[in-house]
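Enquirer: Chain by chain, the residues:
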Amino acid sequence: MPPRLNILSASRSIPYRRRPQSQWVFQPGLRAAPVQCRAYSDSNLPNDRSKKSSAQPLEHITEESAKTAEIIGNEGPDIDQGTPVQEVVKGDKQAQEKLPKVMQESLKTKLSGSTPKGSRSYSTSTTPTSGTRLDLGLVDMTPFPATPAVSGLKFEMPKLPLPKDGHVKHRYDDVVDQVTNLLMRHGRKSAAQRNMSLILQHLRTSPIPTVDPTRPLIPGAPPPSHLPLNPVLYLTLAIDSVAPLVRIRRMKGAAGGGAALEIPVPLGQRQRRRTAVQWILAQVSKRKSRGSGKGGLAQRMAEELVSVVEGRSAVWDRRNALHRVGVAARANIVMPKRR
Amino acid sequence: MSSSTCLRRFAKSSLERAVQPSIASRSLISPQASCFSTSAPRHALPTLAKASKGPPPKKGSTLILKKKKAPAKAAGRPPAPGDRKAMRKRIVLSNNNALEVAGLQDLKETDALSGISEGQVKGLPEDVVDALRAMEAFKTNQGWKLFRRPATLIRKETTELAGLLKQAEEEKKTVRRVFIGDRMSGKSTLLLQSLSMGFLRNWVVINLPEAYDIVNAHTEYKPLPGSHPTQYTQDVYTANFLSQIVKANKSILENTQITTNPSLPLPLPAKASLKQLAELGIANVETSWPVFVALWKELTQPGLPPVMLALDGLAHAMRNSEYLSAQVKPIHAHDLTIIRHFVDHLSGKATLPNGGAILAATTSSNNPRVPAFEFSMQVAEAKRYHPDNIPQWNPYKNVDQRVIECLKDVEVLKLNGLSKEEARSIMEYYAASGMLRAKVDDKFVTEKWSLAGMGNIGELERAAVRLRI
Numbered sequence: 001m002p003p004r005l006n007i008l009s010a011s012r013s014i015p016y017r018r019r020p021q022s023q024w025v026f027q028p029g030l031r032a033a034p035v036q037c038r039a040y041s042d043s044n045l046p047n048d049r050s051k052k053s054s055a056q057p058l059e060h061i062t063e064e065s066a067k068t069a070e071i072i073g074n075e076g077p078d079i080d081q082g083t084p085v086q087e088v089v090k091g092d093k094q095a096q097e098k099l100p101k102v103m104q105e106s107l108k109t110k111l112s113g114s115t116p117k118g119s120r121s122y123s124t125s126t127t128p129t130s131g132t133r134l135d136l137g138l139v140d141m142t143p144f145p146a147t148p149a150v151s152g153l154k155f156e157m158p159k160l161p162l163p164k165d166g167h168v169k170h171r172y173d174d175v176v177d178q179v180t181n182l183l184m185r186h187g188r189k190s191a192a193q194r195n196m197s198l199i200l201q202h203l204r205t206s207p208i209p210t211v212d213p214t215r216p217l218i219p220g221a222p223p224p225s226h227l228p229l230n231p232v233l234y235l236t237l238a239i240d241s242v243a244p245l246v247r248i249r250r251m252k253g254a255a256g257g258g259a260a261l262e263i264p265v266p267l268g269q270r271q272r273r274r275t276a277v278q279w280i281l282a283q284v285s286k287r288k289s290r291g292s293g294k295g296g297l298a299q300r301m302a303e304e305l306v307s308v309v310e311g312r313s314a315v316w317d318r319r320n321a322l323h324r325v326g327v328a329a330r331a332n333i334v335m336p337k338r339r
Numbered sequence: 001m002s003s004s005t006c007l008r009r010f011a012k013s014s015l016e017r018a019v020q021p022s023i024a025s026r027s028l029i030s031p032q033a034s035c036f037s038t039s040a041p042r043h044a045l046p047t048l049a050k051a052s053k054g055p056p057p058k059k060g061s062t063l064i065l066k067k068k069k070a071p072a073k074a075a076g077r078p079p080a081p082g083d084r085k086a087m088r089k090r091i092v093l094s095n096n097n098a099l100e101v102a103g104l105q106d107l108k109e110t111d112a113l114s115g116i117s118e119g120q121v122k123g124l125p126e127d128v129v130d131a132l133r134a135m136e137a138f139k140t141n142q143g144w145k146l147f148r149r150p151a152t153l154i155r156k157e158t159t160e161l162a163g164l165l166k167q168a169e170e171e172k173k174t175v176r177r178v179f180i181g182d183r184m185s186g187k188s189t190l191l192l193q194s195l196s197m198g199f200l201r202n203w204v205v206i207n208l209p210e211a212y213d214i215v216n217a218h219t220e221y222k223p224l225p226g227s228h229p230t231q232y233t234q235d236v237y238t239a240n241f242l243s244q245i246v247k248a249n250k251s252i253l254e255n256t257q258i259t260t261n262p263s264l265p266l267p268l269p270a271k272a273s274l275k276q277l278a279e280l281g282i283a284n285v286e287t288s289w290p291v292f293v294a295l296w297k298e299l300t301q302p303g304l305p306p307v308m309l310a311l312d313g314l315a316h317a318m319r320n321s322e323y324l325s326a327q328v329k330p331i332h333a334h335d336l337t338i339i340r341h342f343v344d345h346l347s348g349k350a351t352l353p354n355g356g357a358i359l360a361a362t363t364s365s366n367n368p369r370v371p372a373f374e375f376s377m378q379v380a381e382a383k384r385y386h387p388d389n390i391p392q393w394n395p396y397k398n399v400d401q402r403v404i405e406c407l408k409d410v411e412v413l414k415l416n417g418l419s420k421e422e423a424r425s426i427m428e429y430y431a432a433s434g435m436l437r438a439k440v441d442d443k444f445v446t447e448k449w450s451l452a453g454m455g456n457i458g459e460l461e462r463a464a465v466r467l468r469i
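Protein chains in written order, with UniProt numbering: chain A, 1 to 339; chain B, 1 to 469.
Read the hints as simulated data drawn from the structure, not as lab findings.
You may find that some hints are simply not true.
[Unchecked claim] Chain A side only, calculated, beta carbon under 10 Å to chain B, not exhaustive:
1) Asp177
2) Thr180
3) Leu200
4) Pro228
5) Lys288
6) Ser289
[What the hints assert, rightly or not] Which residues of chain A face chain B? A partial, calculated answer using Cβ under 8 Å:
7) Arg204
8) Leu229
9) Arg290
10) Gly293
The beta-carbon is built from N, C-alpha and C at its ideal position, and this holds for glycine as well.
One chain only, chain A, in its complex shape (with noise of 0.2 Å):
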């Protein structure tokens, strides 16, 4: 607990002391009070102490006593050299005490009359801290010129195209930033990149898959014996050939007698993917699991992937089954009028 504040002893402890010159002045109250906030217009400073020989700082040594020769009448040092130390100290046993070793050392050879050594006593070069330098591996980090080449920019032109990574938020692969994020439970970032990490070790080391003539993959894919060494196309071809075109938005009683009337969407790129994920991961779910550990879920994801490329995955069923739906559906369709 803090002492208690005594307000008799508090005002008795704090000294106050009355110049003579600073006597109490009676001040009307109506007075004008000095300006204390000035427009930015007005130029003088009325409360500038910075002019004041109080606010200045000390002279150095050499001037002052230039100024103390000048008073007297001598001739003082000249200011435009500055005053060596060593004649500040002259005749000054204790300052000279306080020197350090290598002006002493000087003082003493300059009264015995010796020459200076050849060799110091002391380096005069900085020597390193370790036996190697901390080298931070830091890549390009020349600073930059002063004037970039191109007039009114402030820094260098950047080379385009910019590279792939060049943004933080979008560095690595669409597809593999958003499968991470659906394998996200719980906020679990780290585990689902994990999780990541895994499919793709299994995608790499699995065998080469063989493709199915009646499923077949998106157009434009690589032979099936580049998929194993390239596993982030292994997977985006897997999701890209599931993905379905469209999604069947249900209008409530719209088809008469209370009957839903569906109408057919078109799903964006990222859609298609996220719905196709989806699927996989249910399909994951009902896989059972064979080993124990970390790795299950990854284990199980990978060997689903590997059946979608391979054609044998029931994913494949659920997209027909929408695709056939979305194509008797399709009537449904109101396009908007062209005026």
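Place chain B on chain A using the hints.
Expert: Quick look at chain B alone, frame taken from chain A:
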């Protein structure tokens, strides 16, 4: 049952019996039972709870919720006991999808201990791989399964160790080293490299794959008779250990005959080979420890090749084990005979007359807090790398003196990050294997090297090969 009912029943049944014409005929129809018995209702089948409780609720009167669906059950039989663990612990050493690296040379007997291959990636020969696999030197979390065949980078520390091993071989000295370093800095891999160098130079190589497995009380133990203070043997573990030794060092053990006359509880044929001796211990689990002692004595006879003894996860061997003594006190790991054997050699109490190496690696992944051990490692590191600043133990804190004594004059080998040249070499190997799809140039190498914490090899692999974002 209340007593009044019993009395009434008693009276009633005695009346009934009087009415019945013959007891014999009645006993044929129904089983005879004492009138006091309660066993019949007790043994009767429990009455089933009524399936339906009245009529269903009227429509509109009650909220009808949807029935919850049971989660879909996986079809088929679950894996057999032990299968899941086997799958988790499986070691895969090749990836058929990875490309064959042109110009990848094997580590050879002649250049294994010379430093000429520093900074290069070298393949491990097949017989060495088999021996290492038998020794359980490969770990599941290492990246062997991504490449065509096992290969390692001969880094600066490997060359340093190779120099020591060469010295040990030539001068019949005992090298004692503990590998320390950051997480994923390659301590276990360096241990594996030194084991493979030992195999290539025809040393007797013995490896305790994981100290944790010895102290975690998963194998049976019993006191060693005649030991004071009591030591404990782990017979099943020792038998398995002997079989690993036999598998890995088959040719040496087959071609060496017993010279001493060990006193064993079981008879041994005359002029038996060391392999036969070891197999005696494998077949008779309870004699495995005396057999191991006899085998070790044989291996240290003059004229035999140097011995390499290695252990991973040293910190676990420096604390109380999970075992309990008869007084229900924890048993110190140094009281387990296998650990004691290793620790005696590591501390320099016992030496190898034919020369050899006692190597241990610390671990950072499954790392227990052992203050005495950590302090000893700090002291050893300071002695080696900055001898003017050696830490002092806080005198007001208790310390495990056994650990301090054991590690008093042990030397350490610290694994730092790779240099950029080494990083480039290993990344070129990654790219040649087809596991890294990028142009390996200075900028790329430097970028990954920096991202990997200035060349931590595990992080480098993670960033370059494992696609771990």
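Enquirer: A separate judgement is required for each hint: does it hold in the structure or not?
Expert: Structure-based check of all given hints:
1. Of the supplied interface hints, the one on A/Asp177 holds, with its beta-carbon coming within about 8 Å of a beta-carbon of chain B, less than 10 Å.
2. Hint status for A/Thr180 relative to chain B: holds, with the closest Cβ pair at about 7 Å, below 10 Å.
3. A distance limit of 10 Å between C-beta atoms decides the matter here; for A/Leu200 the minimum to chain B is near 5 Å, and the interface restraint holds.
4. With a least beta-carbon distance of about 4 Å to chain B, the hint placing A/Pro228 at the interface is held under the 10 Å criterion.
5. The criterion of a C-beta within 10 Å of any C-beta in chain B is met by A/Lys288, whose closest approach is roughly 4 Å, and the hint holds.
6. Taking 10 Å as the C-beta contact cut-off toward chain B, the hint placing A/Ser289 at the interface holds, the least distance being around 8 Å.
7. Checking A/Arg204 against chain B: minimum C-beta separation of about 6 Å stays under 8 Å; hint holds.
8. Checking A/Leu229 against chain B by beta carbon gives a least distance of about 5 Å; that is within 8 Å, so the hint holds.
9. Nearest Cβ of chain B to the Cβ of A/Arg290: about 5 Å, under the 8 Å cut. The hint holds.
10. Because the beta carbon of A/Gly293 sits about 5 Å from the nearest beta carbon in chain B, less than 8 Å, this interface hint is met.
Every hint, counting from the list given before, is met by this structure.
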